[in-house]
Amino acid sequence: MRLFEYQGKDLFRKYGIPIPESVVVRTDAELDSALQKVGLPAVVKAQVLAGGRGKAGGVAVVKSRDEARKAASRIRQLRIGGERPSSLLVERATPIREEMYLSITLDRGTRSFVIIGARVGGVDVESMQGKIMEPVPVDGLKEWAAKSVAFRMNLWGQDEAQFVRILMDLERLCREEECELAEINPLAISGDGTMVALDSKIVIDDNALFRHHEFSQLPPEDPLEGEASKDGFSFVRLDGDLAVVGNGAGLVLSTLDLVADAGGVPACFLDLGGGSQQERVEAALRLVKKLPNTKRVLVNIFGGITRTTDVAAGLKKVVGEGGMQPIYARISGAEEAQARSLLAGTPVKLYPTAAEAVKAAVSKA
Amino acid sequence: MMLPERGAPIIVQGITGHYGSLHAGLMLQYGTNVAAGVTPGKAGERIMGVRVYDKVADAVAKTGATSSIIFVPAPSFYAAAEEALRAGIKLVVAITEHVPIRDELKLVELAKTMGATVIGPNTPGLIIPSRLLKLGIVPATSFRPGNVALFSRSGTLMYEIANLLSTNGFGQAVALGIGGDPINGSTLTDCFDWVRNREEVKAVVAVGEIGGDAEERLAKYIIDTKFAKPVFAYVAGRAAPKEKKMGHAGAIIYGNLGTAESKIAALQGAGVKVAMTPAGIPELLASSLKK
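For the record, the sequence lines run as chains A and B. No gaps in the numbering here: position 299 of the first sequence is 308 in this note's numbering, and each next residue is one more. No gaps in the numbering here: position 38 of the second sequence is 50 in this note's numbering, and each next residue is one more.
Don't take each hint at face value.
What the hints assert, rightly or not - No more than 30 Å apart at the CA atoms, straight line, and that leaves these computed lysine-lysine pairs for DSS-like: (1) A/K210 to B/K238; (2) B/K285 to A/K64; (3) A/K368 to B/K256; (4) B/K254 to A/K64; (5) A/K140 to B/K285; (6) A/K140 to B/K256; (7) B/K254 to A/K151; (8) A/K239 to B/K74; (9) A/K239 to B/K238; (10) A/K299 to B/K257; (11) A/K368 to B/K254; (12) B/K124 to B/K254; (13) A/K373 to A/K358; (14) B/K256 to B/K285; (15) B/K257 to A/K64; (16) B/K257 to A/K210; (17) B/K118 to B/K74; (18) B/K285 to A/K23.
Simulated from the structure, these hints should not be mistaken for lab results.
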């Protein structure tokens, strides 16, 4: 689960990581009182989860209340990565001497969390030159290791002391809140020499949410994705018109590739999960029915633990309720003959292979 | 990586649950020696004739088992796995889905210090048809004894590809799912290490997907260790969007990290024959192994 900048900064505040004074605003009245609190000049920032906010014009430095109002109403109308800002963060402007990068993230290859630090900020971490990396032991970072990162980043005196404190606090945050990523980009040294986190990017491990109820209260990024996870399947909204449904993440991923290769554009990725019961199949199809722009549905099932008869019964039931988009299905594996006979006489079109089902579904476009 | 011999006793942790009892039954049916079950508070019960114990240590003392398969839900998973390792279990097959990353890291660390193997979590398990050994939820009907080793990050894709291999005359020496999470107890490389000196394995199939760098690491391993057996691969997710978890917690592209293109290029660079569809795998095997 990805947090908004202001939610990440709430965590920074909780763990003692210095941030500029800031207020979250939704209305013009709130904007005025926020400006009184943080002072001018200020920075107005769109709160979105998508990247590329700066390039999309989602950040503005303002010197007066008028400028702030204009910037706020302009930013509210933006779409950044398809996303409209849910709120704005109004923050005291910080005079910057230097921008740096600091993050703690999972390195899957070495099966360890790793610190990444660099004396450049605000740029993409992948294209970053001269970055320092340091693995984090599973039971926490030792101060000498934090000092070694500071040393390798060539930070001395007051800079080193502040950096080590921030790194230790960020690691504690990352560990205790069970983040997959805790990033400060940029971490700035301001004009008066204080180090301060100007942005936050925090991703919480979804699988650890049962230990962190405060995050599970937050609304899901996509209401349909929230609905799907409640019903026990995974759903990702995409921008095409052909819904892709199957059992097993790898199988559905592979079906998306088949669709793309045939020239189609998927409307969603929907993995029913292993051992899907009829009710789950029904819930999944009813969700697809609600999906705007979806003209057809491709169902790809390989029955193993999943009983193909359960899938067929679910399909039959939802199609019988009416209003369902045309379904192109490949159902093979355990009990497939019974599954086929269950679907005989329904409008569900059956194909012997995934490739043939894909071809038929795409060519109807 | 250590895998059990034919007839080796196996413990099922979480055997009294719906999923645990269903699959304990299917494993027995396949011919696997499910020797004991463990569910705290259910000692003395029998599930399909299999005696249930409160503790792994009790089950180990009675059966001498050194392998355990875990079906307990994610919140109690780490405690169950730690209990197994501390009771002397040397192979943990972790079927449990949705395990937190930090629990996985702790388990990997503990297994290393105890000299044990972990497969998964979020794995369908493994099957060795010639040993009548099925440790997991893989559907037995897709698999036949044979000479191909099949290793996969995805469950259903493994079943589908095994089925295609079987119907085209390529049985399997072993088929094993490493799990769909960002952290795997055993990696694709560990699996390749297990087969590299096994006479009975004539070809290896790796099924990858977007996210992480397991395939890139495998490619490097094949080159660095001069892996001699023919290797075939399929990588799912060429059409997947970035920054989205595609069903598996581990199937996510960050920036340019973890794309299918990078994995396919790395594997091809290591001399691996890469199929563009699951159905392409048996075709590639047929055309290269006949020569």
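Going through the hints against the structure:
no., hint, in the structure
1, A/K210 to B/K238, "42 Å, violated"
2, B/K285 to A/K64, "41 Å, violated"
3, A/K368 to B/K256, "26 Å, holds"
4, B/K254 to A/K64, "18 Å, holds"
5, A/K140 to B/K285, "35 Å, violated"
6, A/K140 to B/K256, "26 Å, holds"
7, B/K254 to A/K151, "34 Å, violated"
8, A/K239 to B/K74, "41 Å, violated"
9, A/K239 to B/K238, "47 Å, violated"
10, A/K299 to B/K257, "22 Å, holds"
11, A/K368 to B/K254, "25 Å, holds"
12, B/K124 to B/K254, "33 Å, violated"
13, A/K373 to A/K358, "13 Å, holds"
14, B/K256 to B/K285, "28 Å, holds"
15, B/K257 to A/K64, "25 Å, holds"
16, B/K257 to A/K210, "17 Å, holds"
17, B/K118 to B/K74, "28 Å, holds"
18, B/K285 to A/K23, "52 Å, violated"
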